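Residue numbers (my numbering), protein chains in the order written: chain F, 1 to 291; chain D, 1001 to 1465; chain X, 2001 to 2497.
Be a bit skeptical, because a hint or two may be false.
Unchecked claim - Here are some of the chain D residues that sit facing chain F, going by a computed Cβ distance under 8 Å:
hint: 1; residue: SER1005
hint: 2; residue: GLY1006
hint: 3; residue: PRO1007
hint: 4; residue: ASP1023
hint: 5; residue: ALA1024
hint: 6; residue: GLN1025
hint: 7; residue: ALA1026
hint: 8; residue: PRO1154
As the list claims (entries may be wrong) - Here are a few chain F residues that sit away from chain D, every Cβ distance over 12 Å (derived from the structure):
hint: 9; residue: LEU59
hint: 10; residue: ARG78
hint: 11; residue: LEU97
hint: 12; residue: GLY129
hint: 13; residue: GLU248
The hints are simulated quantities; they were obtained by calculation from the structure and are not laboratory data. Keep in mind it's a predicted model, so treat the numbers as computed, not measured. All C-beta atoms, glycine included, are put in the ideal place defined by N, C-alpha and C.
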Amino acid sequence: MTVGTRARRPHVHATGAASTAVRPLLDAPRRAARVLAAFPAGAYLQVRTDREPSVIALLASGATRLPNAVLLAGEPPRLTVGDDASVGDGAVRLGRLSLRASRWWDPAPPLGEADPAALREAAAGLTAGEPALAGEPAVELLASGCASGRLLDVLTAAERLVGLGPGLTPSGDDVLAGLMVTLRLLGAATGAGRAVWLADWLAATVTYDARTRTTPLSATLLHCAALGQASPEVAAVLRALTGRGPLEPALRRLHRLGHTSGSDLAQGIGIGARSVLSFCPSGSFRSREYA
Amino acid sequence: MTLLSGPPHVVTAGVDLLREALDAQAVPTTPVDWRPPLPGTAGALARVLADPRRRAANERAVHRLTSSRPLLVGVRRASELLDLPQPMFLHAGPPLDWERASGPMRGALIGAMLLEGYALAEEDARARLESGAVRLEPCHHHRTVGPMAGVVSPSMWMFEVRDDVHEGVAYCSLNEGLGRVLRYGAYGPEVLDRLGWMDRVLGPVLSAAVELAGPIDLRALAAQALQMGDELHNRNRAATSLLLRELAPYVVNAAPGHAAEVLRFVGGNDHFFLNAAMAAAKVSADAARDVPGSSLVVAMARNGTDFGVQVSGLGDRWFTGPAGVPDGLYLGAYGPADANPDIGDSTITETAGLGGFAMAAAPAIVRFVGGEVADAVAATRSMYEITLAEHPAYQIPALGFRGTPVGIDVTLVARTGLLPVVNTGIAGRVAGTGQVGAGLVSPPVEAFTSALLALAESALDPFDQ
Amino acid sequence: MSSAVVVRAGVYHDSVTLMRVSRALSDLPGMDVALVAMATELNLAMARDLGFDPPPAGPADLLVALRGQDVAAAERELDRLLSALSSARGSSGSSSYGLAGAEGPPPRTTRSAAARAGEDAGVALISVPGEHVLPEAVDAVEAGLDVMIFSDGVPVWQEVLLKRLAAEHGVLVMGPDCGTAVIAGVGLGFANVLRPGPVGVVAASGTGAQQVTSLLDLAGVGVRHVLGVGGRDLSREVGGLSAVRALRLLDEDPATELIVLVSKPPDPEVARAVQEVVESLRTPVVPALTGRDDLTDAAERVLRALGTPVPAWPSWPAPARRPPKPGAVRGLYAGGTLCAEAAAIAASGPGAASASGAAPGSWSGSESGSEAGAGTGSGEASGRGSGEFVDFGDDAYTRGRAHPLIDPALRLDALARVGPGEVALLDVVLGHGADPDPAASLAPAVARCPAAAVVVALVGTEGDPQGLHRQAAAFREAGASVFVSNAQAARYARDLR
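One chain only, chain F, in its complex shape (with noise of 0.2 Å):
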């Protein structure tokens, strides 16, 4: 509550939680934006601008946080797609609202060291759900690709893959989002280096034309995938595999996502989990060294 007797203001200030991968855009200089998207928990907006990330998600505090996500501390804002909006000078402007953030999170936190052993153990619990594209040519070849590091195998099925299937977030984005993320992220933190520049390679092909060959949300999705960005709770699949955490709940948390997002974050982790174990040197637990 607030107790004053301040005079109103034209703007209703409100506050929220921000995810580092929209802080450039929130920190540049104000530009517009649209609404993409409404729906009960919030809403996508879309900015004008060249760069990805392009599309911030606007979030209730209680829903998925996106790694584009900026969460709502009060009740989610009521929108119609095609709204205008702005972006930037430090805030998120929406009609008479004017969001900020009021803490700030990172969407890649880095997983330390892991043991290829026990990445190894706890891989085998990976359970598959049902992704969306089981049996999809295209996902058979990215898996054999990954595994065997044969690149072009790999880059063939990721052309393939963008943009496939129904939805704000198709499948085949989200099978892609999820290996890329555990290429990068597990790859260094079991100092698989083939791993991190499979990762490299997969995130220049696959961003260079998303934004022609999927939805605005995917293309900023797939952009921050790019960079080891994820939402919560592919970071604590992750964080489990590497033996900090249980990895059952965190897995039942992850297929809770979406229609059959989470299960198709899961297809693409687990690809990117046994490619890193086949990149491992093997047997060496490197001693963590600091620079």
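Following the hints, complete the assembly by docking chains D and X onto the known chain F.
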């Protein structure tokens, strides 16, 4: 989730501004509606909570309370079960003498004098009681509980309840029905006639029937009755029916000649099960006694003058305050002016997670005690704030089969200022009147605060190794 | 003019909330006096001093004393504010059991709240009055929650007990008297809005940690966690129980690359024990010992360790209104550590670069370093020069009133009483929990202040709700010099001609 793995969900207690700052950050919080503890208890609370024995002691005590399995194993005369040298009576509540006894307590004692033939007329009985010639001791000191005045004399028939798990035993007299009855302080000819019939017919027949039936699981009966709208203190209709269903064939077998009148008497008395429930609660609560360092309440009882509590870690000591006058509905032309202060051992049901604590299970009695269904649910919910556990067997369908709140912790009473919710009958103030109503009563705060101060005195020093 | 004094039995609100309610009522047109407080002996006496005749009441009752042109309107406003509070708290209203929603009446103890929050719950933030902290904190620890105890006035034996209990249950107790913590970006208590990053902080000093982390944020370096441990943690009695646990937690956190330990110079024996732990960690630790090396130095050492360039700290010096008496600095502080740091600097000779000769960055080094830091907590940390420093955040000034980061009243009075030949030096700390617009009350007082000059140490980040630059501009407009480094502010104040 470990501390550093992600943004936490925060429980907040204290300055609201700090919770608001978390709200502004879109951080989920669960705020405590915190208020200062009862006046004068802060220091004692700290000492008791610092007692290194407390946590394990309370876990052990409440586990014993909730894991007991009370079985009705017999119906026998008090003189067989109890050491009652003549002339001596048991009474409800903490210790009491004639001088401080209230009207209904005096009436019940006079009735017992007449019943046992220790006096031939009321005046004679009164004079002998006044002279101190009759010993008076609390039921609770003899593994016994008695409703209202709770007077137990040698010839009375008692429920004998055993706890298989902790090997305890407890007793309670048989219920006489409502209206003009001894336990409410009436001692007129019809009262004594009924007691005479119970002595000659009801007691022996039930005794034989229970023997034929074998042990009856009272915990299972109570658990079923809770799901049928009883709370086992002010409403025992379902439990009485369930007991009757168990016993009826054996009553017929044991005494075909008396079966009809016995079954009619039990079936016509909705409170018949109460006394069995009380003995069951008593044997469970006694299992939790004498755990050093425990702040669990093991008895709450009233003698019509004082309300007393006993605490597991403090042995047989009573902590008392003046008994309050219940707030409720009155029968006929009676009103609050006719009411006696709170009386009876039946608060043993609340002590064991029944009665007022299980109000949400018994929406039907809510109007009787002057409230709405939402009040009953809220009453039960508020008792979770002062209890240590949820009962594993006694469940409330309306709360999603959540266990009833059980195991009152003196420290939680002092911290929240929430007093146990007690359902009770109301006795007439004047000896000989009988029941005048029923309602809710609040225990006196000082019974709990003085128990807390005593716990603080006996607390171990956490740094004394 | 009419007046009214009433007691509302059994209505409880915390002192900060009631202070805000009292202030809102006082601001109503024509109000002379509005006192809304719990009926403690202190507050009853205050009501009598104000000419009211309060009925008998106790600390669990709400005392309302009003005098003004329209007392009835004030009472209606009071009812409105209090009912807004109750609904915000989800409390059940007037009836003792109230309506039973799906959740039922709100939890009355931390134990019950933790049970309701279930496995979601991670941390308990406790800010009840000090004498009532123990039960809530024990509840939290036994429920497996980490605990931040914001309250002061908790007896030291209870602190030791809680920290031992926490070790048994594998949780961290931050505090008592822990003003700040940041966990994965979530600010608890007084905390700045910091960008996430590689630095972890263990802090026995709240405002000290706020200074270091705010400077890091300004330099573009993010902070992962700030774990407060309470000002007494590194004393001999407590033995650094929480500092050691916090260091280990940060060491195990894969995202923390460097740890800063902010403290007054600890008890020598405790220092040795902590040093052993520090040496066993895989993560490097940079000490920031107030009174031995200044906090700005410490922040700069952290930047160098991370290979980040040290920026010029923003400052907006203004000339003195008239020449001050040399060295006549009057420090009016809200933060104890900042106060001690400034007092030490003011006491050292002009031109001296730091408060003492001890080697900066040494943790358990020479014990002969300056002990000026020990002045914190004594209320009046007098410098050795002609300056005088007051820590308005000390227990002696916060009994019965809110912390100066929330309630500016005492500092407003003090600003008006600074001598014309003196330099007023004050800290303004931004962030969550603090005054939402400190310049609104302090800047006019700065403008009116009779001092020769006013110097403000402004601790905060641009991301803070109050906005660092907005606040700086307001103080500059009022004629003050503004520094984001407290040490620089103190040196500037000391050396003003």
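Exercise for review: Against the structure, test the hints numbered earlier, and report the numbers of the ones violated in rising order.
Suggested key: Going through the list in order, the structure violates hints 8 and 9 and respects the others.
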